[in-house]
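Engineer: This is what each chain is made of:
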Amino acid sequence: MKSEERYFHSVSLDADKCRGCTNCLKRCPTEAIRIRNNKAVIIPANCIDCGECIRVCPHHAKVAMTDPLEIIQGFEYRIALPAPALYTQFPQIHRSDKIIASLYKLGFDEVFEVARAAEVISYAITRTLINEDRPRPVISSACPAVLRLIQQKYPSLLDNVIDIVSPMEAAARIAKEEFSKAHGVPVEKIGAFFISPCAAKLSDVRSPLGIEKSAVDGVIAIRDIYPQLQSHLKEEFSPLEIERASTVGVRWAVPSGEAEAVGMRHTLCVDGIDNVKHALEQIEDSRFDRLDYVELLACANGCLGGPLTVENGYVAKSRLNAILRHTPAKMVQRSEIFEDAASRFRMTEEFEPNNAQQLTGTMMERILKAARIDEIEQTLPGLDCGSCGSPTCRALARDIVGGFATEMNCIFKLNERISSLASEMVSLGASTRFAVGGTGDIPGNAPADNNDQEE
Amino acid sequence: MTMIKESFHVKQGDMTTAGDASARIKRQCKQLGIPASVVRRVSVGTYEAEINLVIHANGGRIDFAVEPEKITIRVVDDGPGIPDLEKAMTEGWSTASNEVRNLGFGAGMGLPNMKRNADAFDIKSEVGVGTDITMVFNI
Numbered sequence: 000m001k002s003e004e005r006y007f008h009s010v011s012l013d014a015d016k017c018r019g020c021t022n023c024l025k026r027c028p029t030e031a032i033r034i035r036n037n038k039a040v041i042i043p044a045n046c047i048d049c050g051e052c053i054r055v056c057p058h059h060a061k062v063a064m065t066d067p068l069e070i071i072q073g074f075e076y077r078i079a080l081p082a083p084a085l086y087t088q089f090p091q092i093h094r095s096d097k098i099i100a101s102l103y104k105l106g107f108d109e110v111f112e113v114a115r116a117a118e119v120i121s122y123a124i125t126r127t128l129i130n131e132d133r134p135r136p137v138i139s140s141a142c143p144a145v146l147r148l149i150q151q152k153y154p155s156l157l158d159n160v161i162d163i164v165s166p167m168e169a170a171a172r173i174a175k176e177e178f179s180k181a182h183g184v185p186v187e188k189i190g191a192f193f194i195s196p197c198a199a200k201l202s203d204v205r206s207p208l209g210i211e212k213s214a215v216d217g218v219i220a221i222r223d224i225y226p227q228l229q230s231h232l233k234e235e236f237s238p239l240e241i242e243r244a245s246t247v248g249v250r251w252a253v254p255s256g257e258a259e260a261v262g263m264r265h266t267l268c269v270d271g272i273d274n275v276k277h278a279l280e281q282i283e284d285s286r287f288d289r290l291d292y293v294e295l296l297a298c299a300n301g302c303l304g305g306p307l308t309v310e311n312g313y314v315a316k317s318r319l320n321a322i323l324r325h326t327p328a329k330m331v332q333r334s335e336i337f338e339d340a341a342s343r344f345r346m347t348e349e350f351e352p353n354n355a356q357q358l359t360g361t362m363m364e365r366i367l368k369a370a371r372i373d374e375i376e377q378t379l380p381g382l383d384c385g386s387c388g389s390p391t392c393r394a395l396a397r398d399i400v401g402g403f404a405t406e407m408n409c410i411f412k413l414n415e416r417i418s419s420l421a422s423e424m425v426s427l428g429a430s431t432r433f434a435v436g437g438t439g440d441i442p443g444n445a446p447a448d449n450n451d452q453e454e
Numbered sequence: 000m001t002m003i004k005e006s007f008h009v010k011q012g013d014m015t016t017a018g019d020a021s022a023r024i025k026r027q028c029k030q031l032g033i034p035a036s037v038v039r040r041v042s043v044g045t046y047e048a049e050i051n052l053v054i055h056a057n058g059g060r061i062d063f064a065v066e067p068e069k070i071t072i073r074v075v076d077d078g079p080g081i082p083d084l085e086k087a088m089t090e091g092w093s094t095a096s097n098e099v100r101n102l103g104f105g106a107g108m109g110l111p112n113m114k115r116n117a118d119a120f121d122i123k124s125e126v127g128v129g130t131d132i133t134m135v136f137n138i
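Chains A and B, in that order, are what the protein sequence lines are.
Mapping to numbering that gives the first Met the number 0: the first sequence position 360 is 359, numbers consecutive.
Mapping to numbering that gives the first Met the number 0: the second sequence position 88 is 87, numbers consecutive.
Treat the hints as calculated values from the structure; they're not laboratory data.
Please read all numbers here as calculations on a predicted model, not as lab measurements.
There's no promise every hint is true.
Below are the PhoX-like pairs computed for lysine-lysine, each with C-alpha atoms no more than 25 Å apart in a straight line [to be verified]:
| no. | chain 1 | residue 1 | chain 2 | residue 2 |
| --- | --- | --- | --- | --- |
| 1 | A | 368 | B | 69 |
| 2 | B | 10 | A | 368 |
| 3 | A | 38 | A | 16 |
With the Cβ distance kept under 8 Å, some of the chain B side facing chain A (calculated, not the full set) [what the hints assert, rightly or not]:
| no. | residue |
| --- | --- |
| 4 | 31 |
| 5 | 36 |
| 6 | 122 |
Glycine included, each C-beta is placed from N, C-alpha and C at the ideal position.
Just chain A, with the same shape it has in the complex (with noise of 0.2 Å):
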């Protein structure tokens, strides 16, 4: 893999409004970013698209890259992939056939629901979860922005991830083979399309993770589509002749749905980086062995609360309910695209651990790093107040030892500085005062070399 693509960013900075401040800065949960020259600087290495910084900007700095609605004309025929946390973002609309009608009239040929995919992918895990010894709890591989959390921070639980394709990937492909036997067109005349809540979809589709490549021809924005659609909605539309996904499929949007459609007995989710990565943690020491399947969702509210929604997750979350109403409760697709789900949508690519923010050299030239760095520490006044640049003062300090930042970046350390040498200056004014413009001394008298004399 070329080194551009391996680090890929959906997420990035609009250098022009950004004015340096340390709201990022604070929150990044990898402490990937770093202010220099008055901008934030995202560090690719360690960035993990998870848009923690999109939603905590004032300035609207940060974005998340996706396509434009015009990447679908460079297909002869399109597909659109919408997650289910669409059918949530309009007000008054509880049914999910009304959203999917007005995609068509976007200029898609076909709309395939990534929650039927979402009820594909439940049984292809739950069946490698019965058939199969895997180390508890079994991580889910759904949230492209935690895979890349426990490639960096959690490496030794890599093994736990189960290497099945997210929902999305799944809908692109049988989107695509559906369509293709149906209208007897070849697959690469079609594009599928991902209509996303979230900002990490578009770095899992450029730069993806156990897999090669990926089906999904281009990332679209709810958030970008949304005004064309709430004006389509208000149009009158013909009944739908497609399979449809069940309530099964649906929950995916909602925390806990994933968890609840693998159906094992034992099973937790987390949503919010914070708490994911306390939970990881937690698993790490080993204390959640007891656990068959954990789903783990960067977003508070899961992908309901995506950085490309337009609702509020909260509302969001409240209103599936009204949307479940309305939704077929038994999968009704037909089976045999159940039969073969576990081998046919499995990864291929191992996860591999992301160092970046390893200490480099031989372990003792990694050891002497280690000892700076904590002497360092000590030195800095703890106060973690980013004004030098870094998240924290142990950030700083490991910059530091890392050759991408001095002492001085610390304003503490400055002022310091800054008071030793105007003191500095102060006697050596003094003295040359003495030296110079000693008028009144005379041979024989005492050189006069005391500053308290003179005061």
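Place chain B on chain A using the hints.
Structural biologist: Chain B only, in chain A's frame:
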């Protein structure tokens, strides 16, 4: 020649700070780029030891040392001591109170778990004097 040496005091009965020492040790190991499987064993073993200090002993001390080829964790307390070491090293044996068990601890896996995770394990205990455990992990 030991280059990194840290010592942590662990308070008896304080579940708020319980786990802080093992978390710091884990962080340091990860920063050092010690293989993930070793870090995992260090953190499991140290966490067990720390919880033992909080629950069974009158608190105690955890010494952490890193040398290029190994990590040494020493856990010392002046608590009640273990009357029957052989029994205590048996899985499932525990003297923890119900209150502690309700918190999810005291399943009697502590000492056997430490031994299983460490590459070398040594324990000395004397009733009325205290317990002294050393765990070594090869890097």
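Engineer: Which of the numbered hints are not met once you compare them with the structure shown?
Structural biologist: 2, 6
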